[in-house]
Amino acid sequence: MSTTTPAAPTSALSTSRTAATAARVLRQLRHDPRTIALMILIPCLMLILLRYVFDASPRTFDNIGASLLGIFPLITMFLVTSIATLRERTSGTLERLLAMPLGKADLIAGYALAFGALAIVQSALATGLAVWLLGLDVTGSPWLLLLVALLDALLGTALGLFVSAFAASEFQAVQFMPAVIFPQLLLCGLFTPRSDMHPVLTAVSDVLPMSYAVDGMNQVLHHTDMTATFVRDVLIVAGCAVLVLALGAATLRRRTA
Amino acid sequence: MMNYAVQADGLTVARGPRTVLRHLRFTVPRGQITGLLGPSGCGKSTLMRSIVGTQAKVTGTLNVLGHPAGHPTLRSRIGYVTQAPSVYDDLTVRQNLEYFAAILAPGRPAADRRHEADRVLADVDLTSHADALAGNLSGGQRGRVSLAVALLGTPELLVLDEPTVGLDPVLRRDLWTLFHDIAATRGATLLVSSHVMDEAERCHRLLLMREGEILADDTPDALRTRTGTDTVEAAFLRLVDEAAAAHRTQQTTRAQETTR
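Residue numbers (the working numbering), protein chains in the order written: chain A, 1 to 257; chain B, 1 to 260.
This is chain A alone, in the form it adopts within the complex (with noise of 0.2 Å):
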């Protein structure tokens, strides 16, 4: 039998089709008001903790909440979209969906938007409360901080989307999150800036997306203006999520076992 050749009625991203499913995810939630509520309140309610356990020292909290504020959305979106295409997966709607005329762009851009919507939400609500309400001190814009938030979600929902093709189970599935999120924590410059660590892992972290998500969020901190360092960091965070959402595309096969 020959092989499948790409023919132009799926091989392109079409919009119509990506907008539908983006369209679906979110009736999706929308059926499920408790997990939105969680995604939402969570952030807030952390910032709002964490306010407080500094009450004495508000530089420090300025700046453990600016890396937050990049941290919460990475991690909500992994979680979500990692658990979501798992039971894509497992519930044969990846299946009959793939042996429609859907694209693997389609898919995957489709929870990026969606997703990406409800990060904006998350992240709108998150900034707004520590920088008018907490007293978080951005030297820059807080424009720039809702930015590398977004990003930052569009990381984890392609690390979750990515990772999900190695999960047989929601328990793996959940797993993965201390496997691929806490190494990324320890070493972002969160608990102690990357140049004090080992000589090693401070190389290590140079290589891991979330220290340039934190480093672009200490930058909006303690810049008025957008620093070239802050566009590299967020050209790398915007980078990684691309390549590791076309990772997850190449994990999307039509033919299975």
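No lab work stands behind these hints, which were simulated from the structure alone. Glycine included, each C-beta is placed from N, C-alpha and C at the ideal position.
Covered stretches of chain A, going by a simulated chain B footprint (3 or more residues, C-beta under 8 Å): (1) 28-40; (2) 91-104; (3) 248-256.
Got chain A; can you put chain B on it based on the hints?
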């Protein structure tokens, strides 16, 4: 050649180290209902997945609607129902149908999709459950939602993997009436698998399978006449016994040849 919806020759499928389908050669005529029957685990689902183009490691010839199986243009021409209902439990029945309709034929007005959903809902007799969450339906009802998705658009070939499992007799009869109606009025080809032999009598043609091989490819009448039996079930059992006996003689001759 074009009279056949599916044409296979030397079709072999490996899953891991195991060969699940061995050198199958058969045809599925257009516009008819072909039943794919055999015990659980004989390779029915693997054969169906090969035809739909979702099975990996398929070798040999397998043409579907004039194209090699899995060809991209086939994706909107085949309706496929997996054994387990593959629908979104956290969407309503209508939302499920409208989403899959949008994937099949994008860019149509919402009213068209709605109309299409209404049509297939009536086909599977679920109109009254249109706004229920799929996850809240019974197993049989979810199976019918899954079937309704496959009826969207105008599929030329319907591949249905055990669509009547777990349904009560009335519903089973209604679905078979629907299948015959689809074949007669829409000219579609249906390939329906089952491990319940009494459903075989409702098919135009039968493919009897056992352990990755096809035992017979005939009409129910011809099968009964050929084996001198009254039911397809008896015919199947007769064919299984014959195949086992032939296998044994083959093995003993081979054993004798090696000892010689």
